[in-house]
Amino acid sequence: MTQYIFIASPIKLPQGDFGSNPVSKEQPNVYNTELDFTHLYFENNYDSKLKKKFSFSNHLTYEFQVTAYANQVPLKGREIGSSYEKKCLDILYEYVEKALFKGGHIEMFTCWNGEENNRLSNYRKVHWKDIKGPYDLVLNDLEIVEITL
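With this note's numbering, letter number 63 in the sequence shown gets 68, and the count goes up by one each step, no holes.
Keep in mind that the hints were calculated from the coordinates and are not lab data. Computed from a prediction, not measured in an experiment: that's the story for all the values here. No residue lacks a Cβ here, since even glycine has one placed at the ideal position from N, Cα and C. Just so you know, not all the hints are guaranteed correct.
Here are the simulated BS3-like pairs of lysine-lysine, each with C-alpha atoms no more than 25 angstroms apart in a straight line [claimed, not checked]:
#	residue 1	residue 2
1	K130	K17
2	K30	K92
3	K134	K57
4	K91	K134
5	K137	K103
6	K17	K57
7	K56	K17
8	K103	K81
9	K81	K92
10	K107	K58
11	K134	K103
12	K107	K134
13	K137	K107
14	K56	K92
15	K103	K92
16	K107	K92
17	K81	K130
18	K130	K107
19	K134	K92
20	K57	K137
21	K91	K56
22	K17	K107
23	K103	K17
24	K81	K30
25	K81	K91
26	K103	K58
27	K81	K57
28	K57	K91
29	K58	K17
30	K54	K17
31	K103	K91
32	K137	K81
Derived CB-CB ranges, DEER-like [as the list claims (entries may be wrong)]:
#	residue 1	residue 2	range
33	V35	F106	29 to 39 angstroms
34	N63	M6	34 to 44 angstroms
35	F59	W117	12 to 22 angstroms
36	Y98	I16	10 to 20 angstroms
37	N63	V28	21 to 31 angstroms
38	K57	P15	11 to 21 angstroms
39	K107	D141	16 to 26 angstroms
Could you put together the complete structure from these sequences and hints?
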């Protein structure tokens with residue numbers, strides 16, 4: 006199964022590749038190491054065929070949403086501290102921080118593919134000042150955290 010992380014915001018969120026480090030712009034698909042390739046790719050909630058937005062989950066309340074395949078972002082209690090995990094959590098932390106400072110609020114949610122509308126395991130609200138580092142963004146399966154400035 007595939008785990009995803011979802012972020013929702015009242016403002017438009019950036020999409021695309023964050024964190025990959027190719028050898029050059031001329032060789033964008035060539036990497037020196039596997040760690041250089043490790044990244045998060047955020048995809049938005051716009052269906053180009055239907056020409057409209059959709060919600061990734063009925064638990065997300067904000068209009069603008071992105072999702073990323075979270076293969077290196079652990080669930081709470083399953084952290085291993087690998088360089089890949091640390092890199093992806095650093096990317097996620099920076100992404101969330103930028104979104105918060107532009108929009109003031111975000112919702113962050115994680116679950117396995119196909120379980121986006123299952124019953125939540127937890128919902129909590131936190132202030133950004135209480136997030137001390139990237140590992141504070143690690144969630145339980147089916148948990149939503151609303152983060153505000």
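Compare the distance between the alpha carbons of K137 and K107 with 25 angstroms, and conclude whether the hinted pair is satisfied.
-> The given pair, whose Cα atoms are some 19 angstroms apart, holds under the 25 angstroms limit.
Under the criterion that the straight-line Cα-Cα distance not exceed 25 angstroms, is the pair K134, K103 satisfied?
-> holds (14 angstroms)
For the pair supplied as a hint, K103 and K58, is the alpha-carbon distance within the 25 angstroms limit?
-> holds (22 angstroms)
Hint consistency between K107 and K92 [alpha-carbon to alpha-carbon, up to 25 angstroms] = holds (23 angstroms)
Given pair status - K17, K130, alpha carbons within 25 angstroms = Since the Cα atoms of K130 and K17 sit roughly 21 angstroms apart, the hinted pair holds (cutoff 25 angstroms).
Between K81 and K57, does the CA-CA distance stay at or below 25 angstroms?
-> violated (34 angstroms)
Restraint check for K81 with K130, where alpha carbons must lie at most 25 angstroms apart = Holds, at about 17 angstroms.
Are K17 and K107 close enough, with their CA atoms no more than 25 angstroms apart?
-> holds (9 angstroms)
Verify the proposed pairing of K57 with K91, using a straight-line Cα cut of 25 angstroms.
-> violated (35 angstroms)
Hint says 29 to 39 angstroms; check whether the CB-CB distance for V35 and F106 agrees.
-> Because 34 angstroms falls inside the window, the suggested range holds.
Do the alpha carbons of K30 and K92 lie within 25 angstroms of each other, as the hint requires?
-> holds (21 angstroms)
Does the alpha-carbon distance linking K81 and K91 stay inside the 25 angstroms limit?
-> holds (14 angstroms)
Hint compliance for this structure: hints 3, 14, 20, 21, 24, 27, 28, 34, 37 are broken, all remaining hints hold.
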